[in-house]
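Enquirer: Relying on the hints, combine the two individually framed chains into one complex.
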Amino acid sequence: MTRRHDVKHYPGLGPLVALFFVYLYAPLAIVVIYSFNANRIVGVWTGFSLEWYASALNNRALMNALKTSLTVAGVATVVATTIALLAALAIIRGRNVRFRKLSETVVNLPLLLPEIVLAVASLIFFSLIGLQNGMMKLIIAHSAFCTPFAFLPIRARLQGMSLDFEEASADLYASRWTTFRRVTLPLIFPGVFSGAMLAFLISMDDFITSNLLSTGGTTTLPVYIFSLIRSGTSPELNAIGTLLIVASLILATVALAVAARGARNND
Amino acid sequence: MNEAKAVEVRSVSKSFGTYQALRSVSFDIGANEFFTMLGPSGCGKTTLLRMLAGFETPDSGSIRLHGREVLDLPPHRRRVNTVFQNYALFPHMTLEQNVAFGLENLGWDRARIRARVGEMLERVHMETMARRRPGQLSGGQRQRVALARALAPDPEVLLLDEPLSALDLKLRQAMRDELRKLQRDSGITFVFVTHDQEEALDMSDRIAVLGAGEVQQIGSPTEIYEEPANRFVADFVGETNFFDVEVLETVAGQATVRTPFGLVITAPETGVAGRRRATLSVRPEKVNLGDQAQGVTMQGQVVNKNYMGGYTHYTLDIGGIELRASRRNASREGDAIAAGETVNVGFAPLSARVLAS
Numbered sequence: 001m002t003r004r005h006d007v008k009h010y011p012g013l014g015p016l017v018a019l020f021f022v023y024l025y026a027p028l029a030i031v032v033i034y035s036f037n038a039n040r041i042v043g044v045w046t047g048f049s050l051e052w053y054a055s056a057l058n059n060r061a062l063m064n065a066l067k068t069s070l071t072v073a074g075v076a077t078v079v080a081t082t083i084a085l086l087a088a089l090a091i092i093r094g095r096n097v098r099f100r101k102l103s104e105t106v107v108n109l110p111l112l113l114p115e116i117v118l119a120v121a122s123l124i125f126f127s128l129i130g131l132q133n134g135m136m137k138l139i140i141a142h143s144a145f146c147t148p149f150a151f152l153p154i155r156a157r158l159q160g161m162s163l164d165f166e167e168a169s170a171d172l173y174a175s176r177w178t179t180f181r182r183v184t185l186p187l188i189f190p191g192v193f194s195g196a197m198l199a200f201l202i203s204m205d206d207f208i209t210s211n212l213l214s215t216g217g218t219t220t221l222p223v224y225i226f227s228l229i230r231s232g233t234s235p236e237l238n239a240i241g242t243l244l245i246v247a248s249l250i251l252a253t254v255a256l257a258v259a260a261r262g263a264r265n266n267d
Numbered sequence: 001m002n003e004a005k006a007v008e009v010r011s012v013s014k015s016f017g018t019y020q021a022l023r024s025v026s027f028d029i030g031a032n033e034f035f036t037m038l039g040p041s042g043c044g045k046t047t048l049l050r051m052l053a054g055f056e057t058p059d060s061g062s063i064r065l066h067g068r069e070v071l072d073l074p075p076h077r078r079r080v081n082t083v084f085q086n087y088a089l090f091p092h093m094t095l096e097q098n099v100a101f102g103l104e105n106l107g108w109d110r111a112r113i114r115a116r117v118g119e120m121l122e123r124v125h126m127e128t129m130a131r132r133r134p135g136q137l138s139g140g141q142r143q144r145v146a147l148a149r150a151l152a153p154d155p156e157v158l159l160l161d162e163p164l165s166a167l168d169l170k171l172r173q174a175m176r177d178e179l180r181k182l183q184r185d186s187g188i189t190f191v192f193v194t195h196d197q198e199e200a201l202d203m204s205d206r207i208a209v210l211g212a213g214e215v216q217q218i219g220s221p222t223e224i225y226e227e228p229a230n231r232f233v234a235d236f237v238g239e240t241n242f243f244d245v246e247v248l249e250t251v252a253g254q255a256t257v258r259t260p261f262g263l264v265i266t267a268p269e270t271g272v273a274g275r276r277r278a279t280l281s282v283r284p285e286k287v288n289l290g291d292q293a294q295g296v297t298m299q300g301q302v303v304n305k306n307y308m309g310g311y312t313h314y315t316l317d318i319g320g321i322e323l324r325a326s327r328r329n330a331s332r333e334g335d336a337i338a339a340g341e342t343v344n345v346g347f348a349p350l351s352a353r354v355l356a357s
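So the protein lines, in turn, are chains W and P.
All residue numbers for the first sequence refer to my numbering, where the first residue is 1 and numbers rise by one.
All residue numbers for the second sequence refer to my numbering, where the first residue is 1 and numbers rise by one.
If you're looking for bench data, these hints aren't it; they were derived computationally from the structure.
Beta carbons are placed, not taken as given, at the ideal position from N, Cα and C, and that holds for glycine.
Check before you lean on any hint, since a few could be wrong.
Here are the simulated distance ranges between beta carbons [said to hold, decoys possible]:
| no. | chain 1 | residue 1 | chain 2 | residue 2 | range |
| --- | --- | --- | --- | --- | --- |
| 1 | W | F99 | P | G67 | 56 to 62 Å |
| 2 | W | L185 | P | G118 | 27 to 33 Å |
| 3 | P | R114 | W | A29 | 27 to 33 Å |
| 4 | P | G42 | W | A260 | 37 to 43 Å |
| 5 | P | S41 | W | L185 | 43 to 49 Å |
| 6 | W | L251 | P | S13 | 54 to 60 Å |
| 7 | P | F55 | W | D205 | 51 to 57 Å |
| 8 | W | S248 | P | N86 | 54 to 60 Å |
| 9 | P | P74 | W | I129 | 38 to 44 Å |
| 10 | P | T94 | W | A260 | 33 to 39 Å |
| 11 | P | F55 | W | M135 | 43 to 49 Å |
| 12 | P | A111 | W | L185 | 34 to 40 Å |
| 13 | W | R95 | P | E214 | 25 to 31 Å |
Computed list of chain P residues with no C-beta within reach of chain W, every gap over 10 Å [claimed, not checked]:
| no. | residue |
| --- | --- |
| 14 | F27 |
| 15 | A53 |
| 16 | D59 |
| 17 | T82 |
| 18 | H92 |
| 19 | N105 |
| 20 | A115 |
| 21 | R149 |
| 22 | N241 |
| 23 | D244 |
| 24 | D291 |
| 25 | G320 |
| 26 | A330 |
| 27 | T342 |
These stretches of chain W come out as covered by chain P in the derived footprint (C-beta under 8 Å, 3 or more residues) [claimed, not checked]:
| no. | segment |
| --- | --- |
| 28 | 42-54 |
| 29 | 156-167 |
Same shape as in the complex, but just chain P (with noise of 0.2 Å):
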């Protein structure tokens, strides 16, 4: 990340009547970084990012673009360009005329309009399509232009609003891949917005995991993911065994603790310190089966298989307590325990977390 930022978001708040949308948010979004606001509906992620383009007012605080404050520019004086979830590309314009529409505003003199429309469709391969209307190309295809078109007037920063969830599956990954390149090419500062925590991880520099109106945490994506904050963080991204434990002792980031199986481990934590309760977060495939077992070991018997093909998903039973387990199936022969058997179960209490509750 650089040390310019290019958004600084300060305690922002808003309401709609009596709903909170946004508690008195701040965080700081560097210079060709690819943001990503991670959030379940209705956490603000949207809010926020129609703030940016200028489409919602805060209540209070502050919204700086590249060191600027913006509050009281309209959209139209933003340099900031929206990549829309249902693309909302012009109906009556060809794609030449949606990508042109931006620069005309910006007074670009027609020669350089045409040359830079054309560079444009040709980066998201749709230059033999530039005559089309948008009512006659596919979703991926629409994105694309909609990329293009966000992206021809060079923003200072590009939002994107859940642009993938209207494609499937196939296409999507497809076009994280090209989105990330995109990004990396031409160095503009993307914000992207998603309540897809794989798209997020795959995709970002640093996430905001935004939940309640507030920011959880954030982080890289393997710190959002190794590393969460709290409970909200480790059940919102991945998956994840919670389990409630009794807090012996914290001394420098490390918690002991009692665990219900009866055990006492000392695991890394966030928040605990001064608590008698606490919740310890395990990642099933943190858990390790049978000879593989190693760290905190315990018996337990599977009580339910599901095999996924590239790996299988096991629910154990460990003295009436639940424990979901995953392994990855690295040889044919690699998913050899039977439902009902009773076998090693263990974890590395390092790969394991203890939260505030």
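If we strip away everything but chain W, and leave its shape as in the complex, we get (with noise of 0.2 Å):
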């Protein structure tokens, strides 16, 4: 390949990927410094302040909101890796499975269908069994929508390893359940950690399905940011952007790390 046909020297190049990254980053750095600001309005600079930071802990209504959001994520999380742990199990690693890719597709549905269809037939759906506990539902809904999502790492990671391990450790007198626990569940584990990575970051974020089935005592995150904003932005929405920024960027890391130390231990 020849220099000019490198990418690295394309003309406007440079400049090109500055406005990218301003595009991309100059929204989220203001909210990151007007948390800061002294001032109520957003644009008008007065000084530094952690008061909205402050306001915001102190809003029961808000710690409420991120208790059930965590609660709901939580729970979403372990039933929808477990579910897609279990799928990814039986479908790339069964014998004698028919409908091994109309199994795959059913479970990866929900990705390709809108959520606000979802979301209805899960409210019609809770209406007609007379599901009355808020939370039930969130959890149940939240569930159906992660499995997908917690699905497709563990298949891409169960899809790469080969076969032989799981033979050598039969062969070395290993029961089933033994070879599972020994090694190939350690073997997928950054593939099941980020799906669970990924279904809590989705249950965190989803906003659709959380309002249409949000109750009195149950209202998460999203949609309690979204009615703080009907009645005129607030500073404090500002900071509780930037600890959502913080919490996301340590999940991240922690993330990424995990994935790296599985990838060294597949060497």
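Expert: Put into structure tokens, the structure is as follows:
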């Protein structure tokens, strides 16, 4: 390849890349900066203050919404990841599985359907069976749409793992359960972890379904934030946003570290 | 070979879809034997090995290990261990943990496992790397650990699936000797699968040559090489010259045939009785040239010559028929025959073989 065809030497590449990153991160930077603003009005900087953080952390409604979100996301992650793991094991490793391709499509279907359709369907379904518990509704609905997100990385990892390891394990007198526990699961763990991570983030982030299903006592964080915006923006939102960014960065770092460890192990 | 049988394979057949991988294969493997299944790819040798391990089930037939029918046993209940072609060492475990894995599953106590793991790693000269992971090892080192892991539980039979194919040439030669020594020292029955005839001839007590899903011949390396049962075996194991011949008479394992050179010779035969046409097989190194020509002698012209250092390959033209000969260069002047020269060509009929076509 000659220098001329190297993408690094295209004219205007530098400014374009810079523009792209500004476009992507400038709004986030503004949120973070003004979360420390003493003034109520965004765009008018009057001084540094942690006032809005204090006010956010003292907001009972906000803290309740966060608790609801974490509970729903936590339970939905465990349920979705378990279902996804079992589905991946059956579809990828099962012997004489009929309708393998079809099963995979069915597991992944929620990815392809518009979320509003799923949300309305859940709403109708819950009212049909007479389920009243708001938390329960959220958990069931979230588990359902999080499953394909957990499934994809687990399936990819399992497909990429040579059958030889499982055969070697069986050859060395390990029962199927021991093989799963000591060989298969450790080797696909980075996939399971990313799957769980994705499921958790998708659940935390969900608005449409949660908004449709939310009742008095069970408002999730995105739904609560949306209600705040409706009554005019408050600098408290900036503080909440910044805290969420920090939390996401920590999660992403952990996820990357786990994936890197997994890659090293499977060298 | 001991009278005790480690493995009994009886009328085993297996199809994958419309492809018949094995056609009613039967053979025995003696205890403490180094037994090799040799054949080209697709001959069914790996399928057979996987059946012994329990990863494949025959469509029909039976497999016994030390007299016990094992077809109903899953792999983890068979006292058999495998050295996999790509070693399949667990990447998330240290070498120690890899070797201990089988022993833990057998329920050995800790102290005994520790002692055995140390002993096995020492036996394959890997004791200093016990705490490393497979990713940090070279191919040869992985090979050794895979051997230690498979031998540690003291299996009734050790299966080896082309274990040397991933190593470079020098290392392969060294590992052959090491494998043979490990087999003698441990007294464990080795079942070795390879497509490399040199490996098979070098290491085995007995070889089963497999082709087209059938056992073509079973015998000692010398029998396989010097007394091939059919054209397939003669062709697959070693180099040879084939000539279509007319059978004049067969008496007591000897066939008198008319060769395309016009000469009538009498040579040992297999399966030729009652046939009119057959194949004469003459190995290139059995053909002598010049002063050394003896037995059946003819005149031939050297049309091509390949100097290989230790020996030289000659291609000769004998009245329009091509014959390959190879000669060891026993002295510096050993390679004195030039291309284009006409020389005496000869071979002893007893070293040739008449086979069914």
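Enquirer: It remains to establish, for every hint, whether it holds in the given structure.
Expert: Hints, one by one, checked against the model:
1. W:F99 x P:G67: 56 to 62 Å: 43 Å, violated
2. W:L185 x P:G118: 27 to 33 Å: 28 Å, holds
3. P:R114 x W:A29: 27 to 33 Å: 58 Å, violated
4. P:G42 x W:A260: 37 to 43 Å: Holds - the Cβ-Cβ distance for P:G42 and W:A260, about 41 Å, lies within 37 to 43 Å.
5. P:S41 x W:L185: 43 to 49 Å: Given a distance of about 34 Å, which is not inside 43 to 49 Å, the answer is violated.
6. W:L251 x P:S13: 54 to 60 Å: 56 Å, holds
7. P:F55 x W:D205: 51 to 57 Å: 44 Å, violated
8. W:S248 x P:N86: 54 to 60 Å: 40 Å, violated
9. P:P74 x W:I129: 38 to 44 Å: This hint holds: roughly 43 Å between Cβ atoms.
10. P:T94 x W:A260: 33 to 39 Å: With Cβ atoms ~19 Å apart, the hint is violated.
11. P:F55 x W:M135: 43 to 49 Å: 47 Å, holds
12. P:A111 x W:L185: 34 to 40 Å: 28 Å, violated
13. W:R95 x P:E214: 25 to 31 Å: 28 Å, holds
14. F27: Correct as stated: the minimum Cβ-Cβ distance to chain W is 22 Å, above 10 Å.
15. A53: 6 Å, violated
16. D59: Since the minimum Cβ distance to chain W is about 15 Å, P:D59 lies beyond 10 Å and the statement holds.
17. T82: Violated, because the least Cβ-Cβ distance between P:T82 and chain W comes to about 5 Å, which does not exceed 10 Å.
18. H92: 5 Å, violated
19. N105: Non-interface label fails for P:N105: nearest chain W Cβ at 4 Å, not farther than 10 Å.
20. A115: 18 Å, holds
21. R149: Answer for P:R149: violated, closest chain W Cβ roughly 7 Å.
22. N241: The assertion about P:N241 holds, with a minimum of 42 Å to chain W.
23. D244: With a cut-off of 10 Å, P:D244 remains clear of chain W, as the shortest Cβ separation is near 46 Å.
24. D291: Given that every Cβ of chain W is farther than 10 Å from that of P:D291, nearest at about 56 Å, it holds.
25. G320: 53 Å, holds
26. A330: Per Cβ check, P:A330 is outside 10 Å of chain W; nearest 47 Å; holds.
27. T342: 57 Å, holds
28. 42-54: With 0 residues in contact (Cβ-Cβ under 8 Å with chain P), the coverage given for the segment 42-54 of chain W is violated.
29. 156-167: holds (count 4)
In the structure shown, a violation is registered for the earlier hints numbered 1, 3, 5, 7, 8, 10, 12, 15, 17, 18, 19, 21 and 28, in ascending order.
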